[in-house]
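Student: Spelled out, the chains give:
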Amino acid sequence: MSIEIRQNLCIGCGRCITVCPGSLIKLKNKTATIPKPERCWGCASCIKECTAEAIALFLGEDMGGLGGKMTVRRENSLLHWTVTKANGTAQTITVNSLDSNKY
Amino acid sequence: MGLDIRHIDTDFLIIGGGTAGCYAALTFCEHSDAHVLIVEKANIRRSGCLAAGVNALNAYIGPGKTPQDYVDYARRDAENIVRGDLLLTMAEGLNSVAEKLENLGLTILKDNNGQYATRGWRNIKINGENIKPILADAVKKQEHISVLNRVNVFEYIIKENQILGVYAVSVEEPILYTILAKAVLCTTGGAAGLYKPNHPGFSRHKMWYPPFNTGAGLAMGIRAGAEMTTLEMRFVALRCKDTIAPTGTLAQGVGAKQINALGEVYEDKYGITTSQRVYGTVAENREKRGPCALRTVGITKEQEDDLFKAYLNMAPSQTLRWIESGKGPSVQNVEIEGTAPYITGGHTASGYWVNTNRETTIRGLFAAGDVAGGCPQKYVTGALVEGEIAAKAAISYMSSEISHPNEDKIEVIKQKLEGYLSRTENSCDALEEAMQTIMDEHAGGMSTYYNFTEESLKIADEKILELGKQSEQLSASSMQELVYIMELQERLLLCRSVIAHLAAQKETRLQGYINSKLKDGNINIIRRQLVREVEIYEH
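From first to last, the protein sequence lines stand for chains A and B. Its first residue numbered 1, the first sequence is counted upward by one per residue in the numbering used here. Its first residue numbered 1001, the second sequence is counted upward by one per residue in the numbering used here.
Calculated from the structure, these hints are not laboratory results. Please note that a few of the clues may not be correct.
[Unchecked claim] Under the rule of at most 20 angstroms between Cα atoms (straight-line distance), these lysine to any residue pairs were calculated in the SDA-like manner: (1) A:K26 to B:S1478; (2) A:K102 to B:E1102; (3) A:K26 to B:G1328; (4) A:K102 to B:G1328.
[Claimed, not checked] Simulated restraints, written as ranges between beta carbons of each label pair: (5) B:G1255 to A:L66: 25 to 31 angstroms; (6) A:I93 to B:A1434: 54 to 60 angstroms; (7) A:I93 to B:I1459: 45 to 51 angstroms; (8) B:L1262 to A:S77: 25 to 31 angstroms.
Where is the CB? At the ideal position from N, CA and C, for every residue including glycine.
With the sequences and hints as input, model every part of the structure.
Tutor: Take a look at the structure:
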């Protein structure tokens, strides 16, 4: 369970650095990095704050991860969550923050 | 690396800007013009156990029910290991804090009559993905609240059993703070990472409870001689295997039953209280009838889609797991397991002993939320109520002037911390792993099905003491690594307290009821005189 930060997409805004509850993300050469990814809790705070979709959540292989990556795009109250599988196929689920959970 | 010293004075100091801390600050400002300082080791926007969000408010008094009904429910669920006075004062405030959360911007589902839609009688349905940013934004709007983010409080300043302030360090810059206050509230949360986690490798921080909650507030209290209660009542969560995502949404949301590897529904055999659900799963595994699962196969596609969304709002890793494997809950049952034990007063009765004002046994030091004991099943709304109660009590308590300590230990502390920062590389990861293995094998972790013996606890205590000595030789090359050493030492002290409570437990119930204080370096067990309340004993 951790995140990867795609250096080519990062715009260096620092939002992820602010929100990480473990203070794990650092700015290096004007892009965000996570020097110790094994310390990540997997809360996804950073991927929800990132406006560049530069951060992806993945499940570690030691917990059965299969190489899929999860990113989020925010559009007002909508959160578009996309899972891209290792084979490149993708599925997007949209959640409206103004709608309650059914469960 | 040398440390710069800074002094700050405030009226009301709140340690930890999680859910309870932020809400306490907001309450304080409603009733006082005095100054509040929140000191937070991360950033209040997403810090604490609700960083990922929350899927429901699990403590609410539904139509036709009373606060006393909630007390009775929690009492049953915790096999009477509760403080009725704390539960009742908490339960009386649940509904008003839910309304306040809605006013701040939280989405809460309403029924056709405009009432909150309930799941059972004590849960309400929300969209809580953004609950922390909502609270943090409200805090930001208050001119009397200052927030010191990325500053880690590590020691109380005490004079004659009264709190005067704290010592803290920046997580980023070489700064050591002395902060004095007229009243102090500890809302640092509980503790994870004492025991070997479910995934000891790369994913070792994939826990139910945040790995960043290290028991700092509990350890500071223990060091300062505050009384702790019921630490032996560890919380083992029943979770989806691997992702450690919550299971209540599956059990209550789509009515999924717990089944063993033979397909038998076993929850009827053991009961469905929180601890019975875990106990049954552990027992089935021990009897070689595992792995166990929640039976979700056969739910509709619509239900599955709703589950995908519900988990995105609190544990997105579970939705990722379902989608990347191509096996959603409608086609594959969801395997479940117990977690490593945590110490958290939001679910069990472990934490600071507090009175109904949420004041600890140290004068002027209040505690609320997961760090406060005696009041299990408080969940999110209960933590908010405790923050509210503590903030109001702090206003009544506060004197007009800040008190100063007789002697300032700041130079001694500065030298000690600079010692860690000047040594050669010796990271704390190995000692942390050693601690977790000792606790797992000898103090009732997952590998022994949470069991232990008097002898194994003695071995655990000796080994943990030894690790404590070794930790004095660690080194740090940055302020963050210095904080990691502090966190390890907090966990080690808390481990010793947990071991002492487990050893003092002489009854066969899952949970006991034990208090302790640190005296002359030893954890002293206190057996308070029991007070009889109707048919139930408590203290």
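Student: Hint by hint, say whether it matches the structure.
Tutor: Each hint, compared with the structure:
no.	hint	result
1	A:K26 to B:S1478	holds (13 angstroms)
2	A:K102 to B:E1102	holds (17 angstroms)
3	A:K26 to B:G1328	violated (35 angstroms)
4	A:K102 to B:G1328	holds (17 angstroms)
5	B:G1255 to A:L66: 25 to 31 angstroms	holds (29 angstroms)
6	A:I93 to B:A1434: 54 to 60 angstroms	violated (42 angstroms)
7	A:I93 to B:I1459: 45 to 51 angstroms	holds (49 angstroms)
8	B:L1262 to A:S77: 25 to 31 angstroms	violated (46 angstroms)
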